[in-house]
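Visitor: Chains A, B, C, D, E, F, G and H, in that order, are what the protein sequence lines are.
Every number in my numbering is 31 more than the matching position in the first sequence, counting from 1.
Every number in my numbering is 31 more than the matching position in the second sequence, counting from 1.
Once you know that position 2 of the third sequence is -12 in my numbering, the rest is easy, because the numbers rise by one and skip nothing.
Once you know that position 35 of the fourth sequence is 21 in my numbering, the rest is easy, because the numbers rise by one and skip nothing.
Every number in my numbering is 100 more than the matching position in the fifth sequence, counting from 1.
Every number in my numbering is 100 more than the matching position in the sixth sequence, counting from 1.
Every number in my numbering is 146 more than the matching position in the seventh sequence, counting from 1.
Every number in my numbering is 146 more than the matching position in the eighth sequence, counting from 1.
To be clear, the hints were calculated from the coordinates, so they are not data collected in a lab.
Heads up, the beta-carbon is just placed ideally off N, CA and C, and yes, glycines get one too.
Mixed in with the good hints there might be a few duds.
Each computed EDC-like pair below joins lysine to aspartate or glutamate, with the alpha-carbon atoms no more than 20 Å apart [to be verified]:
| # | chain 1 | residue 1 | chain 2 | residue 2 |
| --- | --- | --- | --- | --- |
| 1 | G | K175 | E | D281 |
| 2 | E | K305 | A | E230 |
| 3 | F | K307 | B | D198 |
| 4 | G | K203 | E | E344 |
Listing some non-contacts, in silico: residues in chain B with all C-beta distances to chain A over 10 Å [claimed, not checked]:
| # | residue |
| --- | --- |
| 5 | D66 |
| 6 | R73 |
| 7 | P176 |
| 8 | R189 |
| 9 | L193 |
| 10 | D198 |
| 11 | E222 |
| 12 | K223 |
| 13 | R226 |
| 14 | T250 |
| 15 | E253 |
Stretch-level coverage of chain A by chain E, calculated; a stretch enters the list once three of its residues show a Cβ under 8 Å from a Cβ in chain E [what the hints assert, rightly or not]:
| # | segment |
| --- | --- |
| 16 | 108 to 121 |
| 17 | 126 to 140 |
Next come the chains, spelled out residue by residue.
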Amino acid sequence: MVVFERPRSLSPLPFHYCPGCTHGTVHRLVAEAIDALEIERRTVGIAPVGCAVLAYDYFECDMVEAPHGRAPAVATGVKRTRPDCIVFTYQGDGDLAAIGTAEIVHAGARGENITIIFINNAVYGMTGGQMAPTTLPGQITTTSPYGRNVKTQGYPIRICELLSTLDGVAYAERVAVSNPKNVLRAKAAIEKAFRYQTEGRGLSIVEVLSSCPTNWGMTPVEALRWVEEAMIPCYPLDVFKDTGAKGGMNK
Amino acid sequence: MVVFERPRSLSPLPFHYCPGCTHGTVHRLVAEAIDALEIERRTVGIAPVGCAVLAYDYFECDMVEAPHGRAPAVATGVKRTRPDCIVFTYQGDGDLAAIGTAEIVHAGARGENITIIFINNAVYGMTGGQMAPTTLPGQITTTSPYGRNVKTQGYPIRICELLSTLDGVAYAERVAVSNPKNVLRAKAAIEKAFRYQTEGRGLSIVEVLSSCPTNWGMTPVEALRWVEEAMIPCYPLDVFKDTGAKGGMNK
Amino acid sequence: MNRVTISADYCKGCGLCAAACPRKIIVLDSKAINNKGYHPASVIAPGSCTGCALCALVCPDAAICVERDA
Amino acid sequence: MNRVTISADYCKGCGLCAAACPRKIIVLDSKAINNKGYHPASVIAPGSCTGCALCALVCPDAAICVERDA
Amino acid sequence: MSQKVLMKGNEALAEAALRCGCLYFFGYPITPQSEVSEYMAKRLPQAGGLCLQAESEVAAINMVLGAAAAGVRAMTSSSSPGISLMSEGISYLVGSDLPCLICNIQRGGPGLGGIQPTQQDYLQATKAPGHGDMHLYVVAPASVQEMAGLVARAFDVADTYRTPALLLADGALGQMMEPVDFDAALSVRRDLPEKSWATTGHGGKRKKNIVNSLYLSPEALERSVLSRQERYREIERTEVLCEETDTADAEIILVAYGISARICRSALEAARAMGIRAGLLRPITLWPYPRAALLRAAGHAKHFLVVELNIGQMVDDVRVATQCHRPVSFFGRCGGMLPTPEDVLAEIVKIHESIREEGA
Amino acid sequence: MSQKVLMKGNEALAEAALRCGCLYFFGYPITPQSEVSEYMAKRLPQAGGLCLQAESEVAAINMVLGAAAAGVRAMTSSSSPGISLMSEGISYLVGSDLPCLICNIQRGGPGLGGIQPTQQDYLQATKAPGHGDMHLYVVAPASVQEMAGLVARAFDVADTYRTPALLLADGALGQMMEPVDFDAALSVRRDLPEKSWATTGHGGKRKKNIVNSLYLSPEALERSVLSRQERYREIERTEVLCEETDTADAEIILVAYGISARICRSALEAARAMGIRAGLLRPITLWPYPRAALLRAAGHAKHFLVVELNIGQMVDDVRVATQCHRPVSFFGRCGGMLPTPEDVLAEIVKIHESIREEGA
Amino acid sequence: MTSRIILAGFGGQGILFAGKQLAKTAMHKGRHVSWLPSYGPEMRGGAANCSVIISDKEIGSPIISQPDILVALSLPSFSKFEPAVSEGGLLFANSSLIPEKSKRGDIKAHYIPATELAAKNGLAGGANVIMLGYLLYVTRLFDYDELIGNILSSIPASKSALIEGNKKALLLGYEYRG
Amino acid sequence: MTSRIILAGFGGQGILFAGKQLAKTAMHKGRHVSWLPSYGPEMRGGAANCSVIISDKEIGSPIISQPDILVALSLPSFSKFEPAVSEGGLLFANSSLIPEKSKRGDIKAHYIPATELAAKNGLAGGANVIMLGYLLYVTRLFDYDELIGNILSSIPASKSALIEGNKKALLLGYEYRG
Ligand SMILES: Cc1ncc(C[n+]2csc(CCOP(=O)(O)OP(=O)(O)O)c2C)c(N)n1
Ligand SMILES: Cc1ncc(C[n+]2csc(CCOP(=O)(O)OP(=O)(O)O)c2C)c(N)n1
Ligand code: SF4
Ligand code: SF4
Ligand code: SF4
Ligand code: SF4
Ligand code: SF4
Ligand code: SF4
Ligand SMILES: [Mg+2]
Ligand SMILES: [Mg+2]
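Construct the entire structure; sequences and hints are all you get.
Guide: What follows is the structure, encoded as structure tokens:
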């Protein structure tokens, strides 16, 4: 009995990601959710600009490549004109939390009935390791060569906490893909985020703490340890909003 | 004994605002704060695009006119190169909470040591009364002619609540200028927001619930009543963050 | 006596001062019209003015100057 | 017997599966090198595999297929 | 009673779009075009469509990108500074070969400038509405009636060639009312290709569609740019529009589009009344540019006078089109000032006299 | 040992800016220019300056606006899509008469395109970097050494005429290393005007300063546009730069800037070796354009060949500059493809032969 | 024949509405028309004006530099446009708010205290239509019924209360004898 | 004289560093040089190469279509660039990772098992410098001391541990006799 194989909604193409990069893990979880809900035929995904820019090649559903940071606006354009489609964006922390701040906040405020998969790897991966809005205090990147100095370079942004202040956000959870248990939690969260869309609840976002071994200068195994030891303390794993939970939990 | 007169930092030019528009009231309070702290000589104000676009004519300090929504970025450019200057922005709800969302959020995240005066009048005044992100549910505007439908046009954004999630924000308070008592509270808040800057605390924002009799289609007196009866219930007056308060209050 | 001076150059006849005055001694002069087409406010019973300055506090055009005895 | 198949086409030799395997039966084959220059992972003691699929769960390249006995 | 209705240009363009099946409008308010969204906000919900006010022009153009990718007719509208903000998105629409309509109801600039009518964005519209080798199909109406008609044409050309189209007008055309006959304006309908490339969910019935502008291989990117250029050549062959008034025997040819062409038409009448052989060549498509018509005119005309509400942005296009055969001079106002027909007439008279002198 | 250092173009431009007293950099990462911010992030804090990574290109250009308003030398850098996003801000900088430096290290487009070198933003840079009647002082270096030298010149021109300047290069120039001699590059220093208009707090010592681009009265806006045009005329008179190689006796003149001029130079050597009288005219300032030099060259040359990494964006400028006296043809690649000197040589030979035939 | 009409006054006096009625009525008579408003933030409390052209031929420029007819409802608009009226042109001035008289000999000036008439007759905001009535009487641009028909058809059902007022105002102006 | 050199291999093999050493050394000898890398995301795990031109004259195009010298560290880079080497040109191939031999008769091919040599001598990542040593021995482009001096001066103080390794690697290559 096959207990684990590549999900159907994932294309057979090998990923272009670096060895050990958890973008791939999250791709698989998204494809698994699409499979589980049997929505592949009506799903439209929006790829970001970032390491996941080629995501359009990896999912077996229709895909649109959005300008850097604008995936939520592009998703709005698709969803509002094709309300029967299931629309998701897949965005990095530069894409969503820097240049795309206005778009994600307003998609949230409007309660766009879409699903956001947000990859927080504390760095700009694709462009070669610059500081992201989510870079940790003291973290060295190519544009914070002396370590992020919060006094001059600002504090990390906690996107789930920020978006939870918006009435249109139905569900916001932060997960990590740093070990098997966390991967299973992430899987459940991502599936829920898609299910909520099928139920018309509004915007769902799953923030995934992810690794970038290449730009962090670590082995893949070290990188996952760093996610747990350095990132989770700054970005606690939690459900920040869940309007579908008993009593419409709204932290 | 003169107990009340035009503040020194206000220019002698009559405002171009409509009769009863509380933009004028807030201008006066800003000028009073500048007078009280005796900072006029080193203050640089950033005018928005909105009804207050001509604010550069009304304050007796140096002024820069910013593109729509970008005042916090312009303020950053001034403050970071002239750290001894006191820099404030004066922005409407379209300017700050719509097109300028990314700029205010990131100025907050960076903890820019500037002061933000945010005029929430639930409408785009200058362009003739279109819906703003802060327009109330059901409110009729020229682009929500059937009343703002939250299901399709989104929910009001509560800026103070949202910005309070950011570590770089030192002070966030919402006030109203709807009656003499509230005006006095607003005055105190605005002065505090400037004082915090002189103390180097980071970003301070005062959100002022304000009236737009022209576009609301009300008399000035009715408009202030509407601020109290309709706006305050949606936008509660409160101190949302105050790192300078006893115990570093941080709601 | 307390004195309230309303500058007709600044006043736009919005009526907020009139609404705020606890003594109800401010009215809009419907006969006067300034060069912007507004009816400016004026104090009809200066003698009863308490100098509380509430009118000035709410005036959006900073048109009001309030002086108090000693 | 449980069976774990690692596709050399997908595998990038990141070692996450090896780290995750509770039986420690996955290693990177430092002699083999695929056409992208990676040393793919392989199972050295298939007999002790529990079919727990933890390896597959953490594999970022969806390179692992796990089959369990009935 | 005629079937004409008196309408603002901004409203007529919105109504025309709706009647052309454009049920999706994404915009952000800006003077002097806010009536477009306001009209759409009233009418589209009634028509089963959607008018969504975006958080910015950047978001608006990207919503249009999403809607166009999903295969529907969609549009946005703005004015000069807002169009600048859209330029990244516009370039992406081009790179993704997506049809849509963008309207620029120009005002004064640069920067915040002013809100009075200008034609200051001619170069931006025709040469570089975004980064990269690209064009838009650019139409420039000169009346409210034409505003409606060109909306229809722009959508058809956009759909036929998978290109965004730009309607370039100005505050005066947007704000003025004139009679419109929509039946006449929208009478021509084309056979349009199926949007088989649209991302609507594949339904298990076809391979997945990808809407994309990224080509990491320069060979592939070059191929895509060159194949788009071929479509541009086809548009140049078949979709050029221009109107000639009294050019056949004209010594002096005025070249003007949009509202300035209207002013020129008044000046022209006066010039003819004075016995000056003047004519007007009015480009209706600004890209593709009516090069052939201009070259033809250069065969007999002695002088070209370009009239625009800017500092002379179209002059070089006239020079190139006429292969520098004839002198090209310029008259215009900027910053929101409008020349009067008398101003233009004075210019014509001056040129007329100098031609006489040279001839003498 | 020479005082030369081997540096990437991106780094050399950053180092040159710093040495010119530009202590404030605001940027957002994008390939192929991220080294500019990375270099600044290392060096500026040491130099008592500031490198701030903005949340977007839109924010970056507006931070530059604030810094420029405050009277300091400030700059930003990006690549094609990021420059599109800056176009509103650029127009505001122009409208507010603020000096600053913007660098565009071009990549492929339209849209996301690719990251390989192109010259696809020539038209955007020279015709419409934003809305409104406006120009930037546009310099196009062709070597790493020139990258440094033109940064210095651009800042000086910007400060002298209160205009933003744009350095237009491409991924190849940004990424390649060559020796740089900074002392030579930065040797010329001008007397620059005081920035008495800067908003630094009036200190009670002067009237307040206002930096602004809004003029609600069209009369005032027109005046401001026209007075800026006068400064442009002055820049055209005094700040044009171009380099001619072997043009004096040339029958065929290549016109190319930046990296394509380098490729042309190699082709030129080969052509001369074959006895073909070819020359190269290299615009160094793209705006103002070296019209006079081209017109002079059109006096004796038989043919102009424009070579660019795009689909021919500069061709019309050469036509207009040469007053259509001579045929102008084009050779180029796009999408990130680079022609070889051999490709260009083949084109020269073809033209050479057709001239011979015509002559026969 | 071509008529170039400028209507001008304070924002809020119904200038644009009045101009639109003229244009619409002419359009329904099959004539070429254009209507161009001043626009923008200066409308707020400040000035408002619009240019209406009615012609037998296609209309070139919709901008009017020299009106054949000026309808001025406020003093600033009188001062601004009166000097521009073309020779032989007509001026209609709201004498309630315009204390001055035209000093030009080459135009024909008509004065009507429209604001006062409106106030006296309980027609707040009706000065614009009163002016139209007077203009109609003097110029005979249209038939009375044509114009009133068009005015009434511009009133949305939700504001049918305004019907009587407009009828009364137009008649007041039409029957006014300066 | 002009030398056009392409160095190519996997990302991570130190291709760009090696090319830079050649350029820098030539620059310090007063020659004209240019160094152009491939760049972008394909560098990640994929391929990397750079073009180095060393010349007595000013350098025109920094792009090399036909290298005089190819230094190939990986099989894909060998397959890609070997056919482009100019007639009479030189090839240096890392035979540890390139099992094939050049079939061209018009170029001179040199093979060195650089990766194995590095591994055997505890010089992880030193294959690039070993290749440089071998290239130097064959071409005599520079004096040995010039090159090693420049390599060592590129090593930041913080990584001084690398000095010995680089010395050893260059010598290994220089003394290798295929
Ligand atoms: C407008 C624009 N600005 C900048 C870029 C360059 N760019 C590409 S990806 C990226 C950031 C990627 O970081 P992130 O979103 O965190 O994704 P990751 O690569 O880390 O997954 C940037 C800045 C771009 N393509 N477009
Ligand atoms: C890029 C850009 N988009 C749109 C506009 C038009 N615009 C001017 S002010 C404004 C909104 C004003 O609303 P708000 O900020 O709430 O200020 P208020 O007038 O209500 O005080 C808009 C959309 C502009 N000037 N620039
Ligand atoms: S650079 Fe980082 S985020 Fe990008 S693919 Fe490599 S490891 Fe993943
Ligand atoms: S439109 Fe509204 S916000 Fe603007 S000045 Fe008038 S009342 Fe104030
Ligand atoms: S509040 Fe001020 S502006 Fe309003 S009526 Fe009174 S004095 Fe005049
Ligand atoms: S000071 Fe007080 S009492 Fe006097 S007029 Fe003003 S509000 Fe009335
Ligand atoms: S299934 Fe479990 S036991 Fe078997 S190889 Fe994978 S992790 Fe190890
Ligand atoms: S986790 Fe996957 S990619 Fe990584 S070594 Fe194991 S099988 Fe290979
Ligand atoms: Mg990231
Ligand atoms: Mg507002």
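Visitor: Taking the earlier hints as the rules, which of them does this structure contradict?
Guide: 2, 3, 8, 9, 10
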